[in-house]
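Enquirer: Going down the list, the protein sequences come from chains L and C.
Going by UniProt numbering, 161 is the number at position 161 of the first sequence; the sequence numbering is gapless.
Going by UniProt numbering, 229 is the number at position 229 of the second sequence; the sequence numbering is gapless.
Accuracy of the hints is not assured; some may be wrong.
A pair counts as met if it fits within one copy or between any two copies, since identical chains are not told apart.
Said to hold, decoys possible - Below, in silico cross-link-like pairs of lysine to any residue (SDA-like), each with a Cα-Cα straight-line distance of 20 angstroms or less:
(1) Lys105 with Asp90
(2) Lys288 with Arg121
(3) Lys105 with Val23
(4) Lys195 with Asp229
(5) Lys137 with Gly34
(6) Lys137 with Leu33
(7) Lys248 with Ala179
(8) Lys142 with Arg121
(9) Lys105 with Arg14
(10) Lys105 with Gly20
(11) Lys105 with Ile24
(12) Lys105 with Thr16
(13) Lys145 with Asp5
(14) Lys105 with Arg13
(15) Lys105 with Ile18
(16) Lys232 with Asp277
(17) Lys172 with Tyr55
(18) Lys288 with Met45
(19) Lys105 with Ser21
(20) Lys137 with Gly294
(21) Lys137 with Ile191
(22) Lys137 with Tyr200
In short, the hints are calculated from the structure, not lab data.
Number of protein chains: 2
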Amino acid sequence: MRVSDIGEFGLIRRLTEILGSEVIGDDCAHLQLGNTYLLLTTDLMLEDVHFLRRYPPEAVGWKSLSVNVSDVAGNGGEPKWVLVSLMLPDLELGYIERLYTGIKKACEFYRCEVVGGNVSRGERLGIDVFLVGLSPKPVGRKGAKPGDSLFVTGTLGDSRAGLELLSMEKEKYEDFELALIERHLRPTARIDYVKHIQKYANASMDISDGLVADAHHICERSSVRIDIDSSKLPFSNELLRFCEKYGKDPKDYALYGGEDYQLLFTHPKARWNPFLDMSEIGIVSEGKGVFVDGKPAEGGYKHF
Amino acid sequence: MRVSDIGEFGLIRRLTEILGSEVIGDDCAHLQLGNTYLLLTTDLMLEDVHFLRRYPPEAVGWKSLSVNVSDVAGNGGEPKWVLVSLMLPDLELGYIERLYTGIKKACEFYRCEVVGGNVSRGERLGIDVFLVGLSPKPVGRKGAKPGDSLFVTGTLGDSRAGLELLSMEKEKYEDFELALIERHLRPTARIDYVKHIQKYANASMDISDGLVADAHHICERSSVRIDIDSSKLPFSNELLRFCEKYGKDPKDYALYGGEDYQLLFTHPKARWNPFLDMSEIGIVSEGKGVFVDGKPAEGGYKHF
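Generate coordinates for the entire structure from the input sequences, incorporating the hints supplied.
Expert: This is the structure:
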């Protein structure tokens, strides 16, 4: 039996069994230390898997930080300390300097600091980021309560549309297309929601695999049913123009597109905050599984 | 200009400049949190660079933990929480299960815990480990004082000899050869020295690049001169037999062989502990550079 036979999630389950861990299962590990919690997370960007050499290196550096900050923010934590483990082919120095300029800018924006790392030879470029965050009250996938509403931040599906546009390798892009590409290349982690998540969310995570796939994670860990109302999904104007131009359905992008790095969380409807760009898109009830407009929803993308 | 033109240490200097960091420069980052310090470190084991597929996977897993624990122990910390970032080709599941069995055994031995991680596709197997340690009083490369003696733990050069024996791919090895191979494949991080380092060491680190190369790091960060007396280097009986059989000089292995994962530290001679396997191999004085038997010592191995 090979890795591909059991898939990414099957593999993680098997490895977690071997380790006998009770802790693994969230975007971040939550570890109490004195009167605070450490949030630990790691995410890797690998050339030809997560990005291409032709992408702007500053954007690759920015994104390698953002995807990790997103995990911590989604768990109600502030990003704090970063280690960068770099796998390097014998590249032009200028490329790596631009990559690190992106990392530096992201650190300034998110108010965290690179405190160490490691450099190894490798045939393909890889940036493996390890992030330590702090939180007085972390929130994970477990804890969604029947009666909660389901919320998302921002708009969904833009990153996937941006990725498809990038793959077209067009000579000239329209402005709205460039905006979508930008959202794929330079996502912004939602650190503006950290306090809201800490205070009100019963369950929370960031959306990296796609709304439906990630809603499944909350269902499983919280032992609840989630109903998504697709008429409430938040679309950007840019995604709507993209779908009109290329004959696509924006709901597919919002439900199954990955890498939006928006947050997905549940709490009572009354905690909705009109000053934040959050949308109520569904409800939590007793039962299990994710349903879209009353029908069972499967899938989302898989790495294997 | 390419990475190979400036070398690993040149690159790290350049990247540290871009980040504007004052913190980077030890095996671990030391970060105060309340009344304790977090020690953060990361080290990667990459197939064909740091190990081969034909090595026992349990040993690869064990070593991937040990090299990180060694950094933390060398800085006077106890290993605590681990994240494992795995890069995976589509391998046999049995291989990965054996790899994780090695990781699990190492965690039990070192009393730390895998609390999370990440799995990515990759053409070559890579195990990137992030370790969080704790220490009431971390010790780094800075702080060696003129008048200190220089100490090492255990014996030096065994791992390098083991690596050379492995590369011979002999059909049959003698017992002492298997012992050396074992020291390369399954090094044991010196967590038994953590309390001693915390209490007495002025400067400390683990020996991963080789004694001379790592002594250079202490010299540079502490702004001191180090004199090594090669007649005091601790050799194992197995290394002596290896050198006799293959016509080698054990001093070369002890001075320049990497990956011993013994500890190198300085403190007053009076703090020598007869119950530990530590050897006094040199002295610290004012000045700069590393000298062996009075002659300037260069080199050690480089990754590029």
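Enquirer: Are the hints correct? Go through all of them and say.
Expert: Right, here's what the structure says about each hint:
1. Lys105 with Asp90: neither (24 angstroms within a copy, 35 angstroms between copies)
2. Lys288 with Arg121: Neither way: Lys288 and Arg121 sit 46 angstroms apart in one copy and 30 angstroms across, limit 20 angstroms.
3. Lys105 with Val23: This pair counts as between: shortest inter-copy Cα distance 18 angstroms, intra-copy 32 angstroms.
4. Lys195 with Asp229: The answer is neither: 26 angstroms in one copy and 58 angstroms across copies each exceed 20 angstroms.
5. Lys137 with Gly34: Classified as both: same-chain Cα gap 13 angstroms, cross-chain 17 angstroms, threshold 20 angstroms.
6. Lys137 with Leu33: Both, since 12 angstroms and 16 angstroms are each at most 20 angstroms.
7. Lys248 with Ala179: within (18 angstroms within a copy, 64 angstroms between copies)
8. Lys142 with Arg121: neither (39 angstroms within a copy, 27 angstroms between copies)
9. Lys105 with Arg14: Answer is between: at 16 angstroms across copies they meet the 20 angstroms cutoff, but 38 angstroms inside does not.
10. Lys105 with Gly20: Between copies only: 11 angstroms across, 39 angstroms inside.
11. Lys105 with Ile24: between (31 angstroms within a copy, 18 angstroms between copies)
12. Lys105 with Thr16: Answer is between; shortest inter-copy Cα gap is 14 angstroms, intra-copy 35 angstroms.
13. Lys145 with Asp5: neither (34 angstroms within a copy, 58 angstroms between copies)
14. Lys105 with Arg13: between (36 angstroms within a copy, 18 angstroms between copies)
15. Lys105 with Ile18: between (39 angstroms within a copy, 10 angstroms between copies)
16. Lys232 with Asp277: Within one copy, since 13 angstroms is at most 20 angstroms while 68 angstroms is not.
17. Lys172 with Tyr55: So Lys172 and Tyr55 pass the 20 angstroms test inside one copy only (16 angstroms; across, 51 angstroms).
18. Lys288 with Met45: neither (33 angstroms within a copy, 40 angstroms between copies)
19. Lys105 with Ser21: Only across copies: Lys105 and Ser21 sit 13 angstroms apart there, 36 angstroms inside one copy, limit 20 angstroms.
20. Lys137 with Gly294: neither (34 angstroms within a copy, 58 angstroms between copies)
21. Lys137 with Ile191: within (15 angstroms within a copy, 32 angstroms between copies)
22. Lys137 with Tyr200: within (11 angstroms within a copy, 38 angstroms between copies)
The structure fails hints 1, 2, 4, 8, 13, 18, 20 (numbered hints given earlier, in ascending order).
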